[in-house]
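Novice: Here are the chains, one letter per residue:
Number of protein chains: 4
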Amino acid sequence: MLSFESDYIEGAHPKILARLVETNLEKLTGYGEDIYSQRAKEKIREACNCPQARICFLMGGTQTNKIVTATMLAPYEGVIAAETGHINTHEAGAIEAAGHKVLTLPQHQGKIDAKELAHLLEQFFLDENHEHMVFPGMVYISHPTEYGTLYSREELFALSALCGKYRIPLYMDGARLGYALAAVGDVPSLPEIAAACDVFYIGGTKAGALCGEALVFSKNNMPAHFMTRIKQHGALLAKGRLLGIQFDTLFTDGFYMEICRHADAMAARLKDAFREKGYAFFLETPTNQQFILLENDCYEMLKTKVAFGFWERTDDHHVVIRAATSWATTREDLEALRRIL
Amino acid sequence: MLSFESDYIEGAHPKILARLVETNLEKLTGYGEDIYSQRAKEKIREACNCPQARICFLMGGTQTNKIVTATMLAPYEGVIAAETGHINTHEAGAIEAAGHKVLTLPQHQGKIDAKELAHLLEQFFLDENHEHMVFPGMVYISHPTEYGTLYSREELFALSALCGKYRIPLYMDGARLGYALAAVGDVPSLPEIAAACDVFYIGGTKAGALCGEALVFSKNNMPAHFMTRIKQHGALLAKGRLLGIQFDTLFTDGFYMEICRHADAMAARLKDAFREKGYAFFLETPTNQQFILLENDCYEMLKTKVAFGFWERTDDHHVVIRAATSWATTREDLEALRRIL
Amino acid sequence: MLSFESDYIEGAHPKILARLVETNLEKLTGYGEDIYSQRAKEKIREACNCPQARICFLMGGTQTNKIVTATMLAPYEGVIAAETGHINTHEAGAIEAAGHKVLTLPQHQGKIDAKELAHLLEQFFLDENHEHMVFPGMVYISHPTEYGTLYSREELFALSALCGKYRIPLYMDGARLGYALAAVGDVPSLPEIAAACDVFYIGGTKAGALCGEALVFSKNNMPAHFMTRIKQHGALLAKGRLLGIQFDTLFTDGFYMEICRHADAMAARLKDAFREKGYAFFLETPTNQQFILLENDCYEMLKTKVAFGFWERTDDHHVVIRAATSWATTREDLEALRRIL
Amino acid sequence: MLSFESDYIEGAHPKILARLVETNLEKLTGYGEDIYSQRAKEKIREACNCPQARICFLMGGTQTNKIVTATMLAPYEGVIAAETGHINTHEAGAIEAAGHKVLTLPQHQGKIDAKELAHLLEQFFLDENHEHMVFPGMVYISHPTEYGTLYSREELFALSALCGKYRIPLYMDGARLGYALAAVGDVPSLPEIAAACDVFYIGGTKAGALCGEALVFSKNNMPAHFMTRIKQHGALLAKGRLLGIQFDTLFTDGFYMEICRHADAMAARLKDAFREKGYAFFLETPTNQQFILLENDCYEMLKTKVAFGFWERTDDHHVVIRAATSWATTREDLEALRRIL
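Chains as they are written, first to last, in the working numbering: chain A, 1 to 341; chain B, 1 to 341; chain C, 1 to 341; chain D, 1 to 341.
Certain hints may be false.
Since copy identity is lost for identical chains, a pair holds within one copy or between any two.
Here are the computed lysine-lysine pairs in the BS3-like style, where the Cα-Cα straight-line distance is at most 30 Å [what the hints assert, rightly or not]:
(1) Lys15 with Lys27
(2) Lys27 with Lys277
(3) Lys165 with Lys115
(4) Lys165 with Lys27
Simulated from the structure, these hints should not be mistaken for lab results. What you are looking at is a predicted structure, and each value in this text was computed from that prediction instead of being measured.
Assemble the whole structure, with the sequences as input and the hints as a guide.
Specialist: Given below as structure tokens:
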């Protein structure tokens with residue numbers, strides 16, 4: 001069945017699998033010390049224009065979010081996030097299980113607002129009683145957000161300046177970062193992100209890889225004995241090559257951007273298809289995820305022919321669905337969708 | 001200086017100290033197995049009209065809240081609380097440090113609303129994706145709340161019924177429970193609280209004791225090897241007599257109620273004093289804490305003559321102060337206050 | 001360079017990669033709910049002769065050990081292991097980071113002794129003061145052990161009986177289980193292991209897979225909401241297919257046994273090669289790892305021509321090396337080794 | 001009944017209770033900011049001859065040990081201790097519950113040996129694979145040990161030098177420190193302990209106080225936001241005066257030493273009484289705890305007349321008992337014992 005259910009319903013981009021096959025019999029050092037992991041890191045440092053960046057590869061987003069908060073926060077600190085931030089809603093309490101509170105701010109299409117952040121930080125440090133409270137120790141943003149939206153350059157640097165003022169790191173969850181980088185408009189580039197954020201990850205799982213995320217510490221700030229911490233979290237791969245080879249492939253000759261640009265372009269066509277047929281959007285985004293508002297009947301009919309992600313029920317009569325594109329989405333898929341609509 | 005700063009600025013009620021002195025040379029078993037701890041438990045069971053209750057004594061409120069959540073929640077569960085709940089705001093992240101998320105509901109003068117709780121629980125179990133979310137595993141209420149307000153019988157039993165429906169425990173933080181029990185009006189009695197809640201504690205530290213809280217499991221539901229858990233949390237006293245003797249004294253001949261009734265009566269006089277002089281209340285309560293709204297100038301002048309707790313700044317021109325009474329508050333104190341006002 | 005450094009220096013067996021390529025474009029449900037994961041589980045249940053087994057796939061050994069102890073132990077319990085057990089020595093404190101103590105027993109060629117286990121359990125429950133101690137809550141064994149040795153049927157069932165007597169689970173770390181199952185001699189079969197153990201894992205990473213371990217709960221004892229726990233540990237893969245397809249391949253037509261039998265046979269030849277040349281063994285094993293004792297000079301010379309794992313220094317003049325074979329070891333490799341020796 | 005069961009069977013020394021009564025109605029700031037806590041700290045700094053020491057008061061030994069390890073160890077570090085160290089045996093896994101491994105060394109009458117410590121540290125840092133291991137991050141000693149024995153000056157400074165060499169803190173659990181300071185012989189003084197150790201605590205609970213331990217950071221090394229950490233552990237007292245007044249009393253005019261000198265002198269008489277009657281010692285110590293070896297029959301008879309602590313069963317025919325003296329032990333008690341023996 002035609003499916004726009006998510007951007008991780010297929011395996012990996014075939015080029016990535018091909019590289020795994022080609023290199024399969026090479027005898028490589030384990031635990032991420034192999035030559036492909038080294039090369040991938042070098043290429044990412046270049047793409048970030050950040051020669052001092054320290055990088056490591058992890059398996060998935062929640063794992064990365066958990067390890068970042070566990071290693072960068074002091075035990076008396078929490079992490080600030082939008083109330084809709086993935087770490088606050090859909091990670092099964094992984095952050096709290098590591099001992100840290102998520103301090104929430106209101107969300108605006110999935111984003112936090114610099115003024116509201118400034119207010120929270122000021123209030124905290126004004127409170128005479130704050131030794132009894134959780135210290136704000138990091139700011140978490142997702143980009144694209146859980147709603148597919150993006151921070152503008154200005155918004156990102158405003159958050160960055162605030163974090164700098166209070167000496168707390170700005171962390172970007174880039175599970176779908178490629179779709180942000182490839183988006184049309186006034187969007188931060190990878191070097192700008194490396195400059196604005198203290199730590200961020202470049203998503204592989206949801207952008208062409210079989211699995212894996214590239215975690216980047218851009219300010220010479222990788223926590224001490226980070227490999228031991230990864231091991232302690234149960235996240236160190238014996239065959240680190242699995243991640244190194246994938247990211248080496250993604251960051252060779254602009255391949256990551258190519259994949260994501262394709263997906264964003266397919267998403268633009270998808271928007272057009274819905275718009276032409278008069279569908280209402282819950283949220284139009286510049287990235288690979290679109291949110292469409294459907295009447296119940298329409299939803300029931302549509303889902304017999306094409307798979308979408310169910311997002312939420314807005315009232316008794318309407319639902320919101322999420323349509324996602326990826327490297328695997330074809331023009332034919334979109335033609336088929338157009339016909340169904 | 002005259003002070004209504006809090007209900008824990010003095011030591012213990014002299015009668016309690018006297019008992020510590022009288023029993024001091026008796027050779028007693030350690031770790032809470034002494035005869036006074038046994039007697040205190042028996043008297044509390046009687047006061048709760050709950051013969052099957054299992055009781056233990058701990059040192060303070062945060063310690064009790066942490067141990068209750070750590071031992072009664074499954075690792076994938078969080079605890080529901082008002083956004084102003086003490087565990088959410090002023091316990092330095094103790095709950096999260098034990099691995100659990102605080103799931104917040106709006107506060108209404110410090111209380112949660114049964115309808116909003118029902119909605120949260122329904123939504124959670126409807127969400128198809130809830131395996132990625134934190135399970136609601138307990139409901140936390142404070143009574144009196146952090147604002148000195150009380151749940152009515154009806155409100156309490158509505159929450160209790162909801163918890164029963166979803167098979168999650170209702171936990172009452174009774175740091176100042178005595179002031180609630182002694183309050184005038186339609187307020188739940190101790191046996192009613194024992195019936196409505198699965199677990200609750202009767203506060204000593206802020207109601208006449210030097211230290212200590214009596215934690216009551218009223219449904220034959222004390223977690224297995226609870227003493228070992230207390231030890232593991234660093235909360236087991238070698239000289240458990242310190243807590244046993246205090247609670248034995250408090251629960252002999254209605255002494256706990258006597259102390260708290262006095263404090264509530266003093267608070268009523270304090271309210272009168274402010275009201276007569278035309279002061280505005282931020283919140284009038286039936287218990288020993290009152291919240292008064294002051295203009296900045298007035299606040300600055302007043303605080304040179306009498307100590308209050310600073311509560312919050314409502315706008316550029318006003319502050320809220322908290323005035324608390326206790327067993328140690330005298331009629332003379334209130335006369336002095338009246339003169340100052 | 002010729003290498004017997006470990007059993008995870010290559011990628012995956014080519015047949016496994018081929019299956020990943022073949023299935024790559026199929027659109028599959030995420031988070032382990034795909035058809036290949038289902039099939040793999042069914043095949044493993046059959047191989048274990050254990051229709052009620054509940055199975056899930058995880059990424060690596062430390063992750064699996066951590067999740068098993070975290071989910072199966074009560075907070076007041078620790079896990080018993082040989083002092084050389086992997087969880088006690090080389091997992092960076094992952095078990096303690098999850099809150100649990102490793103209670104050690106002496107090791108005998110990597111194994112624990114049933115009599116010593118019985119003694120530990122008896123002593124614990126006799127101690128009147130045991131409420132202040134860590135409760136023994138699980139027995140951990142590795143099979144093959146970290147020294148490549150195996151438990152006999154009798155030894156395994158003796159441990160199993162003890163665990164049954166004290167109602168604590170027996171957990172087998174099977175990082176290299178295939179090499180045990182394929183070994184010649186009186187060794188427990190997979191159905192016997194499923195009968196003797198409460199939980200165990202079948203290692204993929206070190207036995208032909210790119211990554212992945214199959215965790216088996218054989219007594220209808222998978223912890224509640226296990227998927228949520230995996231997510232909370234940061235161990236839930238979006239593309240669960242990666243693990244499902246690999247284990248489906250490994251458990252089709254006896255392929256896992258075929259790979260491991262080959263490796264064990266290669267190890268037998270390797271032993272012969274060393275023995276013929278008069279080398280001394282630190283430990284001869286029936287599995288794919290062999291431990292050879294070398295004089296320093298000999299070690300320095302040898303390591304310029306063939307890679308081994310450095311195991312330990314026994315005195316100022318000798319070292320122990322570990323030689324490991326795998327699916328990728330060829331007869332030609334062994335001929336080459338023989339020539340070098 | 002005559003009892004030498006432990007040094008915490010009575011309440012507090014009457015002088016301490018008297019001070020609690022005298023100061024009871026003073027209105028004091030909470031959370032340890034009161035004037036008595038300040039004074040007690042000043043007096044302890046003087047007694048330690050360590051003007052830069054930072055001090056705080058906690059309730060009990062396990063709580064103190066847990067907070068020290070939790071705040072001074074990095075997450076990838078464990079604490080080295082004798083296998084008989086209290087943190088390794090009788091704290092219900094409190095250290096592991098805080099995420100840290102206890103790395104054990106053999107015990108020699110309860111003490112660790114500097115050579116064995118040196119070996120452990122050297123081996124660890126030599127191991128090429130140590131990123132997969134728990135880093136030794138602190139050395140824990142108890143003084144007196146769990147066996148009542150003491151480190152000599154030389155032994156203590158040897159451990160201190162090793163810790164200095166590897167830049168890890170030396171931590172002394174001084175649950176019964178007073179009895180060590182008051183002992184006859186070549187024993188470290190309090191200023192020497194403050195010089196040798198990075199952190200230590202001066203026990204109150206088992207040396208005359210109702211409860212409480214004074215934790216001393218002697219190297220300007222109190223962890224950041226320590227009060228918040230204490231709160232997070234559930235260990236912050238609202239009425240901090242309870243601890244401040246007790247330690248102020250203990251450290252006024254040498255009272256702590258006076259109490260402990262008395263107890264040690266009583267223990268010397270107790271030794272004499274047993275020795276004269278021909279009893280065998282399991283361990284004779286210079287402090288307030290003595291360990292006597294008894295035949296079963298003798299033990300059964302004796303325990304009907306005088307209470308001792310049961311220590312262990314050495315074989316089928318013998319048990320070891322512990323006899324402890326304290327401030328409350330009188331010459332009459334010892335006469336009574338002599339008669340019974």
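Novice: Taking each numbered hint in turn, which are not upheld by the structure, reported in ascending numerical order?
Specialist: 4
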